[in-house]
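Visitor: All chains should be built: construct the whole structure from the sequences, respecting the hints.
Top to bottom, those sequences are chains A and B.
Heads up: the first sequence begins at 7 in the numbering used here, then just goes up one per residue.
Heads up: the second sequence begins at 19 in the numbering used here, then just goes up one per residue.
Heads up, some of the hints might be wrong.
As the list claims (entries may be wrong) - Derived CB-CB ranges, DEER-like: (1) Arg51(B) with Gly25(A): 18 to 28 Å; (2) Ile287(A) with Glu96(B): 41 to 51 Å; (3) Val366(A) with Ala162(B): 33 to 43 Å; (4) Gly124(A) with Phe37(B): 27 to 37 Å; (5) Lys111(A) with Val197(B): 17 to 27 Å; (6) Asn40(B) with Ile134(A): 45 to 55 Å; (7) Asp141(B) with Lys85(A): 23 to 33 Å; (8) Ile138(A) with Leu127(B): 38 to 48 Å; (9) Glu31(B) with Asp45(A): 51 to 61 Å.
Stated by the list, open to error - Derived pair list, reagent style DSS-like, types lysine-lysine, alpha-carbon separation capped at 25 Å: (10) Lys115(A) with Lys351(A); (11) Lys169(B) with Lys208(B); (12) Lys208(B) with Lys92(A); (13) Lys351(A) with Lys136(A); (14) Lys351(A) with Lys252(A); (15) Lys229(B) with Lys92(A); (16) Lys229(B) with Lys208(B); (17) Lys136(A) with Lys252(A); (18) Lys169(B) with Lys111(A).
These aren't lab readings, by the way, just hints derived from the structure by calculation.
Glycine included, each C-beta is placed from N, C-alpha and C at the ideal position.
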Amino acid sequence: MHHISHLLADSRLVIHLSGEFGLQNLPAFSGEINNLLEDTEGISEIEFDFSRVAYLDSAAALAFLTIRQTSAARGVAVKMSNFPEKIGRIFGVIDQNFLHHPPLKTREKREGTIILLGGNFIEFLQDIQKFITFFGALLVAVTHAVLHPRSVRAKDVLFYMTQAGVNGLPIVGLINLLIGLIIAFMSFLQLRLFGANVYVPALVSFAMVKELGPIMTAILVAGRSGSAFAAEIGTMVVNEEVDALKTMGFDPVAFLAVPKVFALMIVVPILTLYADLFGIIGGLTVAVIGLDMSFNTYITQSLNAVSVFDVVTSLVKSAVFASLIAGIGCQRGFLARSGAQDVGKSTTSAVVAAIFMIVVTDSFFAVVLYYLR
Amino acid sequence: MFAAENSHIITVENLTARFGDNVVFSDVSFQVRQGEVLVIAGESGCGKSTLLKIMIGLHSPASGRVLFRGSDIRGADEKELNRYRRNIGVLFQSSALFSSMTISENVALPLREYTDLDAATIDQLVRMKLAMVNLAGYENHYPAELSGGMKKRAGIARAMALDPTVLFFDELSAGLDPVTAAELDNLIIKTNEALGTTMVIVTHELESIFKISHRIIMLSKATGGIIAEGSPADMKEHATDPLVRNFFLRRTSEPALQGGSYGQ
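Guide: In structure tokens, the structure reads:
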């Protein structure tokens, strides 16, 4: 590909180059030349003869300029000569002055642990502040929407109801069916020690309706829809679509967040009922097949364990979860600033924050409902 | 691997592109000559960008083929296409810089991936490329911190990172102010002359077409193919096709409404 030969006369070294010099063989030929320069001592002048060079790219040109520079620093003059017409021009566009200039902006330095810790704490506080601000704005927008139902974009609400609700049915059904199966089986293993197998249906329906149904549904919806909301709004922010909404006089929160909040608040309680049902069917399967319990006994026992109050409060709870998932998803989306990575960050934090808030709110509900009863 | 004196570097043969039933263009054939600046022009929607995407191997055509130095870019396997892609550089319409990387990281990415150069050499090469596009000093900036014209230039620096044989530009100066657009034109001319890089440019900016192009290929939506091919001067002075004349003389096909004559 390339060939390098040299001629040493007195203190003058002439290096003849022929062939192709480019990025691909840059390490090879620059190594060869540097070895040659190290091996020959006592030279005061080097001449590179380019007359038989067929191809030279800018990377190779830079390598020759660098060799000239380092040689000059050692007091050896370097001459480059006999450029074929096309090749000589490359040197004209390489500006060596800039190669060692410091960048206009210094790279961000890593801070010390304490500064990092403090920075993160401040960020955390600002996060809470932003969260409260957003939920205030959301509350205003939702109130306005409730008072002026026609201002709500019904088509959007229906779209998100389909996305979060209808399309979520299979996974919500499957997961809760399995949860029902597992609870029934586990409780059977423990209760049979007391011969109390007849309480398996009660345990399943009680657990499903009061806790597991709402929580499992909420976690699934947070993973499916909360993340989708954050990604959608985040991308819109990055593409300046949110700015476009603002300049057209729309309130982005009312325009983008309210339909999502409404859609989830309608759909998540329905999904929860559906989850409860599948959980009970799961328990029923174990009980009827494994425990020789009759279908009727199972249903009666299940119904005895839960009251209307339990069902209604679980639905209220799931509606609250829904508003949290949608709200947090949208809020995280609006926090995205620039670029694909920001959208990814928003999406992740939407799911994590939503699940955290679901669990916190659930414990709050557990305590309040205990005293309310 | 390296440039050989071969007058036709890319040959496009009987390309047809369609989206579903909608034929964008059919039976398009032309050649790209080594070292030239070829402009693909035409009104919006005529399939310029689609043609470019087929030429860089992003889309596959409905029929026809693209030859690079005589061999089909979609030859035997994916490897062939990747080998071809190492020989080309592409500047996308929106520059497509990776927003999570600094400008120097963007330019260094192909060098780090495809060469086994040491970090110091890569750093020098990156600085040289940035200086070539007048962005010296912007190594540590993120794309979001640059203006539209600077992003384009950073995109060019990244496209040139591996000293490609052919550079493709999609909508070179769309959305840029005249001064920035003119600077880009100069950059193209300078790079073409100094490095001998072949350039294929999709644009409809008349001024830059006349300034930078050696040859023009004009596509038309109406005929779904090439309606004219030639040097810019030829196109402006000798074209007989009304579509071509309208394009280069900036005329519409319907007469403009004039207050006085309206309704007479």
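Visitor: Hint by hint, say whether it matches the structure.
Guide: Each hint tested on the structure:
| no. | hint | verdict |
| --- | --- | --- |
| 1 | Arg51(B) with Gly25(A): 18 to 28 Å | holds, 24 Å |
| 2 | Ile287(A) with Glu96(B): 41 to 51 Å | holds, 49 Å |
| 3 | Val366(A) with Ala162(B): 33 to 43 Å | holds, 35 Å |
| 4 | Gly124(A) with Phe37(B): 27 to 37 Å | violated, 55 Å |
| 5 | Lys111(A) with Val197(B): 17 to 27 Å | holds, 24 Å |
| 6 | Asn40(B) with Ile134(A): 45 to 55 Å | holds, 52 Å |
| 7 | Asp141(B) with Lys85(A): 23 to 33 Å | holds, 27 Å |
| 8 | Ile138(A) with Leu127(B): 38 to 48 Å | holds, 41 Å |
| 9 | Glu31(B) with Asp45(A): 51 to 61 Å | holds, 53 Å |
| 10 | Lys115(A) with Lys351(A) | holds, 22 Å |
| 11 | Lys169(B) with Lys208(B) | holds, 19 Å |
| 12 | Lys208(B) with Lys92(A) | holds, 13 Å |
| 13 | Lys351(A) with Lys136(A) | holds, 16 Å |
| 14 | Lys351(A) with Lys252(A) | holds, 24 Å |
| 15 | Lys229(B) with Lys92(A) | holds, 21 Å |
| 16 | Lys229(B) with Lys208(B) | holds, 12 Å |
| 17 | Lys136(A) with Lys252(A) | holds, 19 Å |
| 18 | Lys169(B) with Lys111(A) | holds, 16 Å |
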